[in-house]
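Each chain, written out:
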Amino acid sequence: MSIRRFALAALASALIAGPTAAASTEILNVSYDPTRELYQEYNAAFNKHWTAQGKEAVTVQQSHGGSGKQARAVIDGLKADVVTLALAGDIDELNKLGKLIPADWQSRLPQSSTPYTSTIVFLVRKGNPKGIKDWGDLTKEGVEVITPNPKTSGGARWNFLAAWAWAKQTYGSDAKAQEYVKNLYQHVPVLDTGARGSTITFVNNQIGDVLLAWENEAFLALKEQGGDQFEIVAPRLSILAEPPVAVVDKNVDKKGTREVATAYLQYLYSDEGQRIAAKHFYRPRDGKVAAEFAKQFPQLKLVTIDKDFGGWKEAQPKFFNDGGVFDQIYQAQ
Amino acid sequence: MSRRISPVIPGFGLTLGYTLVYLSLLVLIPLGAMFVHAAQLSWDQIWNIVSAPRVVAALKLSFSTALCAAVLNGVIGTLLAWVLVRYTFPGRRLIDAMIDLPFALPTAVAGIALTALYAPAGLVGQFATALGFKIAYTPLGITLALTFVTLPFVVRTIQPVLADIPREVEEAAACLGAKPFQIFRHVLVPALLPAWLTGFALAFARGVGEYGSVIFIAGNMPMKTEILPLLIMVKLDQYDYHGATTIGVLMLVVSFILLLLINLLQRRIERP
Numbered sequence: 001m002s003i004r005r006f007a008l009a010a011l012a013s014a015l016i017a018g019p020t021a022a023a024s025t026e027i028l029n030v031s032y033d034p035t036r037e038l039y040q041e042y043n044a045a046f047n048k049h050w051t052a053q054g055k056e057a058v059t060v061q062q063s064h065g066g067s068g069k070q071a072r073a074v075i076d077g078l079k080a081d082v083v084t085l086a087l088a089g090d091i092d093e094l095n096k097l098g099k100l101i102p103a104d105w106q107s108r109l110p111q112s113s114t115p116y117t118s119t120i121v122f123l124v125r126k127g128n129p130k131g132i133k134d135w136g137d138l139t140k141e142g143v144e145v146i147t148p149n150p151k152t153s154g155g156a157r158w159n160f161l162a163a164w165a166w167a168k169q170t171y172g173s174d175a176k177a178q179e180y181v182k183n184l185y186q187h188v189p190v191l192d193t194g195a196r197g198s199t200i201t202f203v204n205n206q207i208g209d210v211l212l213a214w215e216n217e218a219f220l221a222l223k224e225q226g227g228d229q230f231e232i233v234a235p236r237l238s239i240l241a242e243p244p245v246a247v248v249d250k251n252v253d254k255k256g257t258r259e260v261a262t263a264y265l266q267y268l269y270s271d272e273g274q275r276i277a278a279k280h281f282y283r284p285r286d287g288k289v290a291a292e293f294a295k296q297f298p299q300l301k302l303v304t305i306d307k308d309f310g311g312w313k314e315a316q317p318k319f320f321n322d323g324g325v326f327d328q329i330y331q332a333q
Numbered sequence: 001m002s003r004r005i006s007p008v009i010p011g012f013g014l015t016l017g018y019t020l021v022y023l024s025l026l027v028l029i030p031l032g033a034m035f036v037h038a039a040q041l042s043w044d045q046i047w048n049i050v051s052a053p054r055v056v057a058a059l060k061l062s063f064s065t066a067l068c069a070a071v072l073n074g075v076i077g078t079l080l081a082w083v084l085v086r087y088t089f090p091g092r093r094l095i096d097a098m099i100d101l102p103f104a105l106p107t108a109v110a111g112i113a114l115t116a117l118y119a120p121a122g123l124v125g126q127f128a129t130a131l132g133f134k135i136a137y138t139p140l141g142i143t144l145a146l147t148f149v150t151l152p153f154v155v156r157t158i159q160p161v162l163a164d165i166p167r168e169v170e171e172a173a174a175c176l177g178a179k180p181f182q183i184f185r186h187v188l189v190p191a192l193l194p195a196w197l198t199g200f201a202l203a204f205a206r207g208v209g210e211y212g213s214v215i216f217i218a219g220n221m222p223m224k225t226e227i228l229p230l231l232i233m234v235k236l237d238q239y240d241y242h243g244a245t246t247i248g249v250l251m252l253v254v255s256f257i258l259l260l261l262i263n264l265l266q267r268r269i270e271r272p
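Chains as they are written, first to last, in this note's numbering: chain X, 1 to 333; chain D, 1 to 272.
Some hints here could point you the wrong way.
[Unchecked claim] Beta-carbon label-pair distances, calculated as ranges:
no., chain 1, residue 1, chain 2, residue 2, range
1, D, Val-71, X, Glu-144, 30 to 40 Å
2, D, Ile-29, X, Glu-141, 53 to 63 Å
3, D, Gly-11, X, Asn-47, 57 to 67 Å
What the hints contain is simulated information worked out from the structure, not anything from laboratory work. Yeah, the Cβ is synthetic: ideal placement off N, Cα and C, and Gly gets one too.
The task is simple: from the sequences and hints, build the whole structure.
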């Protein structure tokens, strides 16, 4: 008898507990490829911070993939509460094609909605046998360069623009810069579709002498492979890669998650959020945290997409859309 | 008075209705949507997309490598089927089961494995390097990946037909004085050809559309080793939905014409 009563009580409590557990808030963070580990740690930290304020616990679902693909999924109806993508151009499309966010989305959070940044560095084989120190060395005889296809990879676009910026500053004109990047891409034996694919080509298949990579990816490869196979070379000049974040207005209003989604992104700017980003090799924005991690990141001169290229709205069609500079490099051959 | 045999599965009306709904939901509506999407462009725009040098280069590459792979599998697949049907040897069932593995394996896994093996520093690739040519990151590598992925088609279509041809037919031909080649040419080929063509067409069609396994081994160099499905992805990454669907429709039309031709050929063979 008592066993049956106990079973009934357990069943009843399960029935009551079930719906309340399901009712706790859940938000979806749609992100790009290399942020997987970063957000795993950040989500736990945010949850602690959020419940400490007496709010209901929140489950954050993560989705990762190529930045452009992820943006398209959200436009096509994936119910993302927040997007954290590789470049502003992809989030712009959420406004243009999807009408999911207002045009001024980037001014809603500090630092143009970019809580952390990265840059493009070189990963070379141990001992740097080809003596690669700067962009000029990449076009030397016999050097093979690994970089993904800028048509399909957000990271590769940053690579391309960094190379362009260096060449323009060194040689002085657009025409000379184009000549340099054309020469550079003749040293590229494989164009993978994404940054992870290129890392596999360079690290596992041992192709090429230098990998152009996100700084955080390069550090991760170093950490996972041990420091005995590769080393990082920081060029004299590179680009400030700004992966921005945004609340997807239409989705949060429908789901009633605006408050928690906004807080989720804002907390990225807190000391703790910034420290977690730095721990995962993203450059923090906050001066104080940046100083703590100053030794971790090489010092280099950085150009920006907005000042030097007129933003993605100008750079994307000029360089990467059909008929742009990247196409011209290959069609002329 | 003819007696109606009641069918195992209920009536014609019901089954046909089900077939049509099923086909519409899975095949016709998605493909139709593609045509509708592409139809929003003018003929000039469509022609501009389709005749761009990169698209033409990719079209040639996709169809030629798929054709090579299908031909290669046509020969080797027939051989495999022959060995598996006509001989008994230890491990035959194991090999027979292995034939289906390319279907079961995620294509991306196959692509990464093949690339690691055939890359210039890879286990097999290093010998090619020593001989002065490259396998991975060339059309040869693409053909290799497609051959792997489409291997089961020819084997599996030929196997049952071959098993159905009694040995006695060959023996009878031999008794009548036919030489081995004549037996092959006049007895086996006519019986096998329709099934062989089906396998060939399936392998070819699958090869044209294959993405996952090829993308790692292709190298993806514009104008050289860029396949058509990759160009669709490139267009999508520029949010150019119309351009992407136009290339999709192009592939569909070319594939459909080729499959139709193969079907017609098959008809003629079956009814001489």
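We went through each hint and held it up to the structure:
1. D:Val-71 with X:Glu-144: 30 to 40 Å: 33 Å, holds
2. D:Ile-29 with X:Glu-141: 53 to 63 Å: 56 Å, holds
3. D:Gly-11 with X:Asn-47: 57 to 67 Å: Between Gly-11 of chain D and Asn-47 of chain X, where Cβ atoms are some 58 Å apart, the hint holds.
Violated hints for the displayed structure: none, as all numbered hints are satisfied.
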